[in-house]
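**Q** Residue numbers (this note's numbering), protein chains in the order written: chain A, 378 to 840; chain B, 9 to 438; chain C, -1 to 331; chain D, 67 to 474.
I should point out that these hints are in silico values taken from the structure, not numbers from a laboratory.
Take the hints with a grain of salt, since some may be wrong.
Said to hold, decoys possible - Computed list of lysine to any residue pairs in SDA-like fashion (alpha-carbon distance at most 20 Å, straight line): (1) Lys151(B) with Glu740(A); (2) Lys254(B) with Gln171(B); (3) Lys16(C) with Val75(D); (4) Lys40(C) with Gln127(D).
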Amino acid sequence: MEEIACRLLVIGAGPGGYVCAIRAGQLGIDTVIVERGRLGGSCLNVGCIPSKALIHVADEFEVLSTAAAGKSAFGLTAHAPKVDFAKAVVWKDEIVHRLNNGVAGLLRKARVKIVHGEARFRDGKTVVVETETGSTLIRAEAVVIAAGSAPVELPFLPFGGDIISSTEALSLAEVPKRLAVVGGGYIGLELGTAFAKFGAKVTVVEALPRILPLYDEELTAPVARRLHELGVEVLAGAKAEGAESGKLRITNGNGQAKKIAADKILVTVGRTPAVAGLGLEELVLDMDGRFIRIGERCETSMRGVYAIGDVTGEPMLAHRAMAQGEMVAEIVAGLPRAWDKRCIPAICFTDPEIVSAGLSPDEARAAGHEIKVGQFPFSANGRAMSRHAERGFVRVVARADHNLVLGVQAVGQGISELAAAFGLAIEMGATLEDIAGTIHAHPTMGEGLQEAALKALGHALHI
Amino acid sequence: MGEHVVKLPDVGEGVAEAELVEWHVKVGDIVREDDLLASVMTDKATVEIPSPVEGEVLWTGGEIGDTLAIGSALVRVKTAGGEAPKAAPPPAPETAEVLPPVEAPKAAAPAAPKPRAPIPEQPLARPAPKREPVAMRRAPGEKPIASPAVRLEAREAGVDLRQVTGSGPGGRVTREDLEAFVARGPDAARSPGLARRTDITEIKIVGLRRRIAEKMALSKARIPHITIVEEVDVTALEDLRAALNKKPTAERPKLTVLPFLMRAMVRALAEQPGLNALFDDDAGIVRQHAGVHIGIATQTPTGLVVPVVKHAEARGLWECAVEVARLAERARDGTASREELSGSTITITSLGPLGAIATTPVINYPEVAIVGVNRMAIRPMWDGRAFVPRKMMNLSSSFDHRVIDGWDAAVFVQRLKELLETPAMLFVDA
Amino acid sequence: MIEAIRDAMDVAMGRDEKVVVFGEDVGFFGGVFRCTQGLQQKYGASRCFDTPINELGIVGAAIGMAAYGLRPCVEIQFADYMYPGYDQIVSEAARLRHRSAGDFTCPMVIRMPTGGGIFGGETHSQSPEALFTHVAGLMTVVPSNPYDAKGLLISAIESPDPIIFLEPKRLYNGPFDGHHDRPITPWSKHDLGETPEGHYTIPLGQAAVRREGSAVTVITYGSMVYVALAAAEETGVDAEVIDLRTLVPLDLDTIVASVKKTGRCLVLHEATLTSGFGAEIAALVQENCFFNLEAPIVRVAGWDTPYPHAQEWAYYPGPARVGAALRELMETR
Amino acid sequence: MTGSLRFHVPEPASRPGGAPDFSNVVIPEAGSVDRPAVDVDPKDIRDHAFSIIRVLDRDGQAVGPWTPPLGAEELVQGLRHMMTLRAFDARMQMAQRQGKTSFYMQHTGEEAVSCAVRVALSPGDMNFPTYRQAGLLIADGYPLVDMMCQIYSNERDPLKGRQLPIMYSSKAHGFFSISGNLTTQFIQAVGWAMASAINGDDKIAVAWVGDGATAESDFHAALVFASTYKAPVVLNVVNNQWAISTFQGIARGGAGTFAARGLGFGIPALRVDGNDYLAVYSVAQWAIERARRNLGPTLVEYVTYRAGAHSSSDDPSAYRPKAESEGWPLGDPVVRLKDHLIAIGAWSAERHVQAETEITAEVIAAQKEAERFGTLHAGGKPSARDIFEDVYAEPPPHLRRQRQQIGV
């Protein structure tokens, strides 16, 4: 068996893993990274990037269909638009491929050794990797578990054939005529909305009383309305039971058994750590249920073993994994670091988009803060009007005593890019006066943030 | 081609060195695996060393009769095999622990050059001066407000941001706040002038201070205190005291008011034993003590301590004085034994010249009464015809109203007043 | 250290003909570690002789001899083999004076090579001192260098009480600081290496400060003295290293004075952690220096497992593990 | 002191520098000791404890009532077992000298005892060996590679690097785990036999101890229990004359022979020429049958000689004449069996040399294979996690915390 010795071993080359490895390389640490699939993990290959690409194609197609249907508000007409979905998938795959090579290049530049294969722990500092050319033993002084997560499979709706996960949905040969989506979370609705725009008849089955339960009702109402406009049928409080020959069996809100005809059934009920086969049972890791328990330095209960990203639990976001990865690399290099982030922004790429950073009003009150809230509707924003995107608002939550901004949320078309401003404000410890006192370029949707802050201070200018 | 260094193996348990007694090869010889290289002698045995590899002898380490240490090189052999001896696996896990290097963070500075002048770092190994207040455990949920850059520099400087008060809006710690904090160190004096003082120094309530806190809380929680403040004309007492203090001797040292008060209490308690008692409120029993053990509340460098004069009833004036002085001394320098600091049945507390006009003393649980002595002052008193200057001293005494009615308390205070105002009565055995 | 131990017995046997030495292979052969080399040749087979392989017999016979009036100084070949003799040590030797109100006493010394570091596996590496310190009536001595070994052994032989004399075998030939990958340095190159000729004693119950320091007190004995010194050196922590030399009676004053000065305390021994002698030291420090402690007392010891063979260096508390503990202690505020 | 008493310390016949002297070893003629029925009353064979049962005579012929029913082919197989053990010892001693392991113990001159007894036993019988009966494994086909991996404490060491080299353990091959402490296994063997009887089984136990170690109290306890409960156990004392530097007289005391120890307990006691493969097999078979027929224990003393050093850390020239091993009157087990086979025309000097080269090649091949998985100080190692397992059936919390602390 071939043997490699190194200072740092990173298991998994998803966003958390490859960022950690690159940073470690930059700090001169002898690093090895192991990946069984393609570099970039779920996010880059079957998650964030490919889904956003197809969502973009869906938006483009929707503009054409609206025009073709003579419903354009500004006189656009189009003739029988069609979508060659296979070509869209090829375009998407090309982007993914370029990013795979990009990550590979970054790792090489940082002098990180890449090993392709399935890793399994032998003890806290030794891993055996099954590669095509046989098994390799890797001994390390420190190990980072960055194995990421995989879609949750429902026992009565096993993946395969017409029952698909988000992975298969992004590489379908064609747009399914009828699509049933089990799970009204952000993944289910993002894809559901896109396929609806591609012309599929979409039905969403959500067990909880409403869609996108993580966000408060005020934020999700515009999304629900848009789904309705797109002809997406949402069955809340309904439970999927099973599927036979193209029919999804459910029990709806008032307990009746129903059957939904569907060419494809997309199951998006959550994600779970992808640690099967990693041999965690060989170690003595303290767990939090399915997730690996970590401290404020992403250290696990075993000295010299760290865990980052989705394996450590919610929120399962690529940018959280990347921040953890960077921090762990610096800790392994001996720098004094610990997790002290004040906020992790989250984006839901439905139509309209939702951005949330920090505490919502309810969360702030639950945390015992006296708060003041300022809300500014895009219908009063010039730029929104000029983009025919007036639905939605920006909402700022601040402490009542000294106006420290606790949270910023917004819903609106194309406002995901505001996440940067929201995050920066909270992380810098901005107060309402800081935001209000910052000149926001005109005309932009961003002005909504300034106006919301002014509103909270009691002297908004444009409403 | 590779070169294999044959080391002198550990031939016997814990043997440190061995004497070279015979060479079986010389430089240039070709040896096959297991051919004998040399013989060495330890104080236990003569041992032949076979070659673990095949190849040409390049170098032999030492002459016959040399003493070689175990583990040192014995022979270098040019091996025919291609690869050089495999890189030694990383040292056994024991030494493989990830050891964050000790030297100050500057040494492993992140690749990106730091634009700002580096903040002077405190080397990790220097222990904070021992008496520096213990750093506050992070208040639950309350993260310090500071920008990521300031937070990073605080970490690099080994500063706990919660100790730095932010001058920015909402208590945000600015770069200047951090640099000022680092520059002047946590507890150096602020520059002169009336700068706003916002440092919060936290002192852990431990040891003696904690015990005092607990006792006070217990007493206040369980005992409904009734406090009676009474004026006592001590002019006569003072005159008597002055007379007695003319020629102090070892057995008869200078007297303070305290011994007189103790004698007065003994007399008064004889008539009201209920006040010289301990109330076990859990068991619902009042234990009246015949012996009068008077606790003397004494201020010491580490806090309030109550040494006890045992059996005051059996001690004369001077004996009381001597005992009080001895106990006070031991209490102050911390040598009082546990036995000397316990067992009181009633307590006297006095703040001497700081005694104020009146106080509300807290009963020394589980006792039921405490006599507080206030400041002596000359006050104009009406003697029936005119105001005359009299030396007055108030007594503020608290009683446990659960077992002592106001009436009994008042009777006791009046008796003390009476005895102190005519001190002669103290020496009349009624 | 072997010559120092042999020298001690030689001096003792020379001064007092009641002193006798026996045990397995200690006569003609001079002991498997050569500690009794030449004694039989010099003092005859009646005063230095081999015994059948029976530890119970060795200790039991020694008690009989001591009761008669001799001063036996016997050897158990490895501390790991003392268990068959443990009943004689605890029920008899330790209690004879007490139960006979001084009518019978058994002044004797039982020498045992102890500790690991030589790939001896589970039956040649144990450190059983805790099994003796717990027994009223026994004294337990653990020398860490030749100079102390000779002085302490002579004191032990001249003592009226039964004494367990544990010799860290890894130190027989030279100081060992846990860096097993470095060549061994013999005692000849160490200042405590050579021992003066003739008779001298080191009083039992007196610790020695091997390194003055102000940041943390490291309380240890035997082989771990050199690991502690190395860890202090490598981490830059200004540690005060105390070599107990005698475990019972314990020099508590030196310990308390040091911990009161430094405010931080690390207890270190090779034996397994749970119920090790370190637990007793930690309890005493807590009782006597509670208000001076800036951080919890830290113990570093062998894992609670049988002593492994191949994983010797993952088990043997080395400078890396001790260094990490020192650093943790310094960072606790 | 003026008293009349003097202290007696026995001395071996000769010391370094003196000539070897085995005059005290009385050797009767081969075949001269009668073979009693297996169910004989121990009282009737008391003098067997002071004699020596021998089959191979001076000319290599098998004579007398103890001649075992072994065919030439079985004897050749026995010879090969002994030669394999001897080659194995030579390679492993050298490996220790090359720093590939910390420690080794050879069987030079005693190979017949363990090899012959093994073939007399049946599968399922349980041996409780000391550290000098590896023949029990080799003669039972235990893989040499596994033995070597244990000696090297490497990655494939069945005992995960925990035990000293040569302290094997193999329940499947009836080889109880060897302990570093002497004679502890002797009473344990009796316990195992008692259990077999309690369970109404047909398997027996075989206890092993060296001459010196019979002084341990465990030996006495074993004889008491075996005698009292008539346990189905064979109690073997391998008298190889030396316990490190102490000659067997120190442990034997005044009893004349170790076999005589059995008489006091009413246990039939036989004494056999340990270097005579046939005699050893025959006596073992007798004792095994007696145990298997519920007739109770037998004490057997194998008179042999430790030709080599006690271990790799010992040099006998410090306590006995260098030439003493050549002077041992009962010769070398391998040579005597070879001569016998040649005498009966079943073997030849050439085939012996051929067998030696084959066997040496086989052992070296096994050594190369074992070394692929590392040696003590180089290559594959067992993981440090193995320290923490098998301390208890399930690791208790404090051990879990300590393994977390070391991080492996």
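**Q** Against each hint, give a clear statement of whether it holds in the structure.
**A** Right, here's what the structure says about each hint:
1. Lys151(B) with Glu740(A): Judged against 20 Å, a Cα distance of about 17 Å means the pair holds.
2. Lys254(B) with Gln171(B): 58 Å, violated
3. Lys16(C) with Val75(D): 18 Å, holds
4. Lys40(C) with Gln127(D): 51 Å, violated
Hint compliance for this structure: hints 2 and 4 are not met, and every other hint is.
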